[in-house]
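Chemist: Each protein sequence line maps, in turn, to chains L and X.
Positions in the first sequence are counted from 1; adding 6 to them yields my numbering.
Position 165 (the second sequence) corresponds to 148 in my numbering; numbering is contiguous.
Worth double-checking, as some hints may not be accurate.
Claimed, not checked - Now the in silico label distances, taken between C-beta atoms and shown as ranges: (1) D157/L x R209/X: 58 to 66 angstroms; (2) I182/X x P243/L: 41 to 49 angstroms; (3) V186/X x V273/L: 20 to 28 angstroms; (4) E244/L x P124/X: 33 to 41 angstroms; (5) G223/L x W79/X: 27 to 35 angstroms.
Claimed, not checked - Some but not every residue of chain L turned toward chain X, in silico, with C-beta under 10 angstroms: (6) R16; (7) A19; (8) G110; (9) C136; (10) G145; (11) L153; (12) S158; (13) G207; (14) F211; (15) L252; (16) V271; (17) V276; (18) R281.
To be verified - So these bits of chain X aren't anywhere near chain L, every CB distance computed over 10 angstroms: (19) L33; (20) A66; (21) P73; (22) W84; (23) R89.
By construction, these hints were calculated from the structure, which means they are not laboratory data.
From a predicted model like this one, the values you see are computed outputs, not experimental measurements.
Ideal Cβ positions, reconstructed from N, Cα and C, are used throughout, including at glycine.
Single-letter residue listing:
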Amino acid sequence: MALQSLDIRRRSATTFVPPNARQTLEVAKLIDVSRCIGCKACQAACMEWNDLRDTVGFASGSYTNPPDLSDQTWCLMRFTEAEIDGQLRWLILKDGCLHCSDPGCLRACPAPGAIVQYSNGIVDFQEENCIGCGYCMAGCPFQIPRLRKEDSKVYKCTLCSDRVAVGLEPACIKSCPTQALSFGSKEDMRELANHRLADLGERGFSQAAIYDPPGVGGTHVFFVLPHGDRPRLYGLPEDPRVGPLLRVWRSGLARGLGVFTMFAVLVAGVLHYMRHGPLEVGEEENEEGGPH
Amino acid sequence: MADPAGQTGRTKGLSGRGGTTGPKELIVRHTNRERIVHWAVAVAFVFLFLSGLALFHPFFFWLSSLFGGGQLMRFIHPLAGLALVLLFYPYAAQVWSDNTWLPADRDWVKNMFLYMRKEHHPGDTGKYNAGQKLMFWSMVPIIAVLLGTGMLMWQPWFAPVFPAPLRRAAGLVHAACAFVMFVGVGVHVYAAYWTKGSIRSMVRGTVTRAWARYHHPAWYREITEREEG
Chain L
7 MALQSLDIRR RSATTFVPPN ARQTLEVAKL IDVSRCIGCK ACQAACMEWN DLRDTVGFAS
67 GSYTNPPDLS DQTWCLMRFT EAEIDGQLRW LILKDGCLHC SDPGCLRACP APGAIVQYSN
127 GIVDFQEENC IGCGYCMAGC PFQIPRLRKE DSKVYKCTLC SDRVAVGLEP ACIKSCPTQA
187 LSFGSKEDMR ELANHRLADL GERGFSQAAI YDPPGVGGTH VFFVLPHGDR PRLYGLPEDP
247 RVGPLLRVWR SGLARGLGVF TMFAVLVAGV LHYMRHGPLE VGEEENEEGG PH
Chain X
-16 MADPAGQTGR TKGLSGRGGT TGPKELIVRH TNRERIVHWA VAVAFVFLFL SGLALFHPFF
44 FWLSSLFGGG QLMRFIHPLA GLALVLLFYP YAAQVWSDNT WLPADRDWVK NMFLYMRKEH
104 HPGDTGKYNA GQKLMFWSMV PIIAVLLGTG MLMWQPWFAP VFPAPLRRAA GLVHAACAFV
164 MFVGVGVHVY AAYWTKGSIR SMVRGTVTRA WARYHHPAWY REITEREEG
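In isolation and in its complexed conformation, chain X is listed as follows:
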């Protein structure tokens, strides 16, 4: 913005579209498949969250109308859950290694609140920063627990096998995990909206070089090395 000439120059490059045509301008951050799976997971999550909320508190029971009534919603909810699990874990396996916890991440966490006030530079961050990794590592177990406890309660297929006290415990744990998941996803969505360029990267798949250099310098280094090499 301080350099209108530079900005114009880049816009020209951007107009090339497709991201890969101008290798010097745009970097592919998320492949087509990754993005499609991500948004499929997101749709499943919204389904699950809204229907779960209707079951969680009578204040939200009206949301069941969005699913064709309470009965149909009750039927769909576990199926959507299964869909989320089947989509999420292969995707998680793909980005698993990019989410390895590194020493640099400790620094990010330590300065998290400064970072939120834009008073701290992300440091030598790889493809994902520590916040994203925390999201990843919280979702991996939480979705597993939601699956397990959900199976315990799934009528009429699996629930009858388990004793009532276990199902009560499952209900409580399921609700608690869903709550943590909502807060996690809430932060995830806001962080994406707050960090300009992020949503674009998950919609179009590409980011600008400046964006990559600023937010994920270690990853950017890797990319440029690959380009040069």
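Just chain L, same shape as in the assembly:
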């Protein structure tokens, strides 16, 4: 959002430092899965605030509805049945962008300013700059960004950057009736998460853990998972990383070397021509050249 144009930490496909004079407080959303009752108020609030309406689909035999994230569904409650220690558990996960500190989408993006990361940690897509290449979707370790076919632009959760910019909490937080969702400074949220973790430990969830994966530099949406040793059960990757492929593909060094070499080829051509001149077939070569 334009309001935050002065506090940008990273800007996609930008060769120089973005404006960063103002340093805002690093924010985070804490999702305490142990408190979530799956009411979908957050999902509805997201639709409401962002004016999103997904198409009405078909029941797929699960409470998860619509079946997947899309350009019209930026927040989705996922319901999974899992057998843990011989007991059937109904796992609920609020799926959406985690706002990584080292966002794979932003690294991958070739369009200047189509993805920005504000100094408060929010990773935001600026759709007017998006060219629809889908590199962000390849770069995201969580399969969050979704391409809208109608306009060839990619959409995802903004962490209500428009609300946060004016001191409000994201719409999903406001709607949560059980305090499964909390919003504040990253520091405060970590502290709260540790409290919740201690609580869970006392209640026998010895495997409970905080999901704030270091492979993406930590996130600005993080989870307290009762079965923290097995995030995969909830549908979260075990150890998400930016990954070596993306690092090399979009690394400034590799691409800089590539461009440098291409220039070098041009320069080599010019120098060769200056030193040796053209290869011309004169009349002398005629004589020795071949049969008459």
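With the hints as your guide, set chain X onto chain L.
Modeler: Here is chain X on its own, set in the frame of chain L:
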């Protein structure tokens, strides 16, 4: 040049135009169809290269303006790629046999740097020399890989079918191959500019007898045998 009389004599022959009118003077090296396809491939390549460069490094993103902005450029790039593939492979099939690797080519490669300093005669070269053949045999697989990896990334048509890690790998391989292709084409263009008479042969289609005799003696022999026979 050392023999102004000879030069004048040839110029007279050249003024006949058309290349085929003076069979003793000019030889047809590339047919009309070949040349048109070659330049169509070249136009597609320039489109692809400039738009690819814009996506490759932000330093070049301004090139997207040449294509009506980033969105349109992103839309055109894969279509131009498809066009290049459809033009290139039938053309490649046509010149396939002329690019068979022969023992004489090893000699050319061995003396490549001397050749670049004009200190080595091309030897018994056929229609294409070893440098041209290397270009041909590098482009044949590289364009195929660019097509394959490009399909993996093509939004919104094909990319959604493939998992993200595969698309990341495709992006990396696509960029690396495009880089090799640029260097290859760069050398190809310079070599054509350096070797006087080459660009003319791809524009007008004809070369002089002296040119053919010097650069492609084996091919010239074949031509003269056909003329006599």
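Chemist: Which numbered hints are broken by the structure, listed smallest first?
Modeler: Structure breaks hints 2, 5, 6, 13, 14.
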